[in-house]
Each structure stands twice: as C-alpha cells, then as structure tokens.
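Novice: Keeping the supplied structure of chain C fixed, place chain U upon it in accordance with the hints.
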Amino acid sequence: MPKHPKAPLILCHLPYFAWPHDERLAFQVGLRTMSKSVVTIFTWALVTGLAMGKSTLTLWQAVSMSLLVFAGTAQLAALPLIALGLPVWTILITAFVVNLRFVIFSIGMQAHFYSLPLWRRATLGYFTADFGYLMYTSRYPEAHPPEESPATRRSRIAFMYGLTCGNWSIWQMGSLLGIALAGQIPQSWGLEFAGTLALIAIIVPMLDRAAARWAAGVAALVAVLSMGLPFKLNIVLAIVAAIVVGIVSDRRPKDPLTKPVSAGD
Amino acid sequence: MPALSSFEIGALFVGMGLVTLGTRGFFMFWGDRVQMPEIILRSIRYAPLAAIVAIVAPEILMPDDATEITQFNWAIPQIWAGLAAFIAFTWLRTMLPTLIIGMLVYSALRYWF
Numbered sequence: 142m143p144k145h146p147k148a149p150l151i152l153c154h155l156p157y158f159a160w161p162h163d164e165r166l167a168f169q170v171g172l173r174t175m176s177k178s179v180v181t182i183f184t185w186a187l188v189t190g191l192a193m194g195k196s197t198l199t200l201w202q203a204v205s206m207s208l209l210v211f212a213g214t215a216q217l218a219a220l221p222l223i224a225l226g227l228p229v230w231t232i233l234i235t236a237f238v239v240n241l242r243f244v245i246f247s248i249g250m251q252a253h254f255y256s257l258p259l260w261r262r263a264t265l266g267y268f269t270a271d272f273g274y275l276m277y278t279s280r281y282p283e284a285h286p287p288e289e290s291p292a293t294r295r296s297r298i299a300f301m302y303g304l305t306c307g308n309w310s311i312w313q314m315g316s317l318l319g320i321a322l323a324g325q326i327p328q329s330w331g332l333e334f335a336g337t338l339a340l341i342a343i344i345v346p347m348l349d350r351a352a353a354r355w356a357a358g359v360a361a362l363v364a365v366l367s368m369g370l371p372f373k374l375n376i377v378l379a380i381v382a383a384i385v386v387g388i389v390s391d392r393r394p395k396d397p398l399t400k401p402v403s404a405g406d
Numbered sequence: 160m161p162a163l164s165s166f167e168i169g170a171l172f173v174g175m176g177l178v179t180l181g182t183r184g185f186f187m188f189w190g191d192r193v194q195m196p197e198i199i200l201r202s203i204r205y206a207p208l209a210a211i212v213a214i215v216a217p218e219i220l221m222p223d224d225a226t227e228i229t230q231f232n233w234a235i236p237q238i239w240a241g242l243a244a245f246i247a248f249t250w251l252r253t254m255l256p257t258l259i260i261g262m263l264v265y266s267a268l269r270y271w272f
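Listed in order, the protein sequences are those of chains C and U.
Start counting the first sequence at 142; every next residue gets the next number (the numbering used here).
Start counting the second sequence at 160; every next residue gets the next number (the numbering used here).
Isolated chain C (complex conformation) (with noise of 0.2 Å):
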C-alpha cells in the first residue's frame, strides 16, 4: 500500500471563527452527533460524579479528579483504592490497565490521524474517549480512502473535534454536577445503575450486524466469565475474543462496511 501524501492541515493555530467554511460546517457536525447522545453520556458522567461525591474525596480533589483524569472506568476504579489508602503506583498501574482498550484505539486513531504534529496527535488522544471514536469510526469505517481530497481529509478531521469538544463538554458537565449534588442523592435511589442502562442505548444501533452481534455476545460472555480477574482485565480479553470474532468474520463475504451507522439517536 503506497504511504498517503501529508495533506495540508486544518488552521488549527487560528481560532474556530477563522477556519474555513467547510471545517466549522464538519465540526458543527461532530458535535451534533455527539449530541444524539447526549442523554447517555450525561447519564453515566453524572454516576461518576456521584461516585466521586460520595468518596472519601474532598470537593477540590473531585473536581480535580473529574477535570485531570478524564476517564470515567478509572476513576471509579480508583475510589475504592484511594479509600483504601493503597500507595499511589499501585492506583496508577490499576489505571493502566483499566485503560488498556484506549492503547487498542489508538492503533485506529494512528492510521486516521498519523499526519498531525506531534501536540495535535497528542491532545487529539487525550480527548477522544469511548463515545468519539466510537462515533468516529462509525462514520469513517475506513483509514485510508483512496479517493479522499485533502479538503474532505480536512474536514474528517474537522468533525472529530467537533465530537472531541462535545463529548468532553457533556462528560465534565454531568461529572462536576454529580459530584455538586452527591450529598443530595441517596444510594437507596440505585441511581448508579443508570449508568448501566444509558450504554444500552450505544450499543443497541451498533448490532445491525450479523458480525456486530457476535463480536458483541462473545464480548459479553467473556467479560462476564472473566469477571473474577484484577484490574478489570476482563475488558481487555473481551475485547481480544471479539477482534478474533472480527477476523473469522472477515473471511466471509464483506459486509457492507461503508454504511455510516448512527450511534444512539
């Protein structure tokens, strides 16, 4: 496969109002898609809020937590830890692992984004959890599209911003308004669940799918199975079952990759 020419890159140095025309128009699109769900991820921010709220975390180390970490299964990973009073490496390489499927992403977002100056690949990573690559991805199944002009490159990466910007807006709007309202809301609600049940609403448009659907009941039955091991490695060896899963089912004839799928409107 030949090595794709640097296309010229969006103004970043310029503010937002200078971009032009058809990057603000891809960005105002990222973040409505990422709006679609914004029920789902103000819902599972909020119980990470709570959790945070309710710990043995002062206010300003909350808001600390929520603004700094940014990476909602680590941090309610780490609570229980930090209660504990275990010594801080061992918090952080619980962390790690707890994130390890970012490092799995990352392989995506390197093929998507290789081109950008070191900061913007690094702040790019940074910001973009589940939700925007998710999306991401959804929309642009493939890396590298041989038809692509650098304007329509540009603009790809003009809406993975604009998802980037609304996914980090709605998360840390629900997190600090959970942990604002965490002595007001009593654990008998089982709010926490709502959680739960906000990421239905993600993956159910996801298993339109032959493939999809089995990548997702072998992800669930290894998770659960797996359940008993540290660090919540089960993550990690569902996602590894469902890129086998993914690799048996690419033998068979294509699915039509290239339908943008909705995620959660």
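There's no promise every hint is true.
EDC-like, lysine to aspartate or glutamate: derived pairs with alpha carbons at most 20 Å apart [to be verified]:
| # | chain 1 | residue 1 | chain 2 | residue 2 |
| --- | --- | --- | --- | --- |
| 1 | C | Lys-195 | C | Glu-333 |
| 2 | C | Lys-195 | U | Asp-224 |
| 3 | C | Lys-177 | C | Asp-349 |
| 4 | C | Lys-195 | U | Glu-197 |
Just so you know, these hints were derived from the structure itself, not from any lab.
Specialist: For chain U alone, kept in the frame of chain C given last:
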C-alpha cells in the same frame, strides 16, 4: 486506616491524567513512522463495541457483589430492567423513555426480589 495525603492525591491525579494521555495516545505518538496493516485495522473494527458491552454485561447479568460466574442468579432486578431497556430502545429509539422504563422496572423489582 492509612489515608493518602493531599499531596499524594494530587500526584495520583496528575499521574492518572498522564495514564489517560499515554494509553489513548499510545500509537498516536508514533505518528507516520509506522503504518498499520489493513488486516489489523479491520480486525479492531468491533473493539469499541466490545469494550462497552464488556463494561455493561457484568453490571446487568451478575449480582452487585459477584466475582464469579457461579454466583449467577435469575432473580436479580438488573437482568430484567436491562432487558426492558433493551426492548424499549429497540422499539422507541429514544434515550430518555428507555432510561425511565429501565429505572422503573429496576426500582419495582428491587422491592419485589
């Protein structure tokens, strides 16, 4: 109980932020020095779906404090509330009613079981 000092907490959160950066950016840092083969890119197609399913599945299928598959039990509210939410979303395709139906079933069954 040994508690972490506020300095340790601060260091921990900066460290966890760096972990977020390091994991999400892992292959991004390579830039154009590597080119991923198409087979790898295709095979990680279902990785994000699998990750979310793996986060959700134990929360729905297993009791709260379960650590092993042997603790599986049909009589937990999450399974039926999850099923209700799944059906509701498949049918309605909107999030808020799905969430409300799921939580209603969950709350009702928590009194029942």
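Novice: Measure nothing beyond the straight line between the CA atoms of Lys-195(C) and Glu-197(U); if it is 20 Å or shorter, mark the hint as holding.
Specialist: With Cα atoms ~46 Å apart, Lys-195(C) and Glu-197(U) exceed 20 Å; violated.
Novice: So if I understand the rule, the pair passes when the alpha-carbon distance is 20 Å or less; does Lys-195(C) with Asp-224(U) pass?
Specialist: The given pair, whose Cα atoms are some 19 Å apart, holds under the 20 Å limit.
Novice: Please verify whether Lys-195(C) and Glu-333(C) have alpha carbons no more than 20 Å apart.
Specialist: Answer holds: Lys-195(C) to Glu-333(C) is near 12 Å, not above 20 Å.
Novice: Is the straight-line distance between the alpha-carbon of Lys-177(C) and that of Asp-349(C) 20 Å or less?
Specialist: Satisfied, since the Cα-Cα distance of roughly 18 Å is no more than 20 Å.
Checked against the numbered hints given earlier, the structure breaks only hint 4 and satisfies all the rest.
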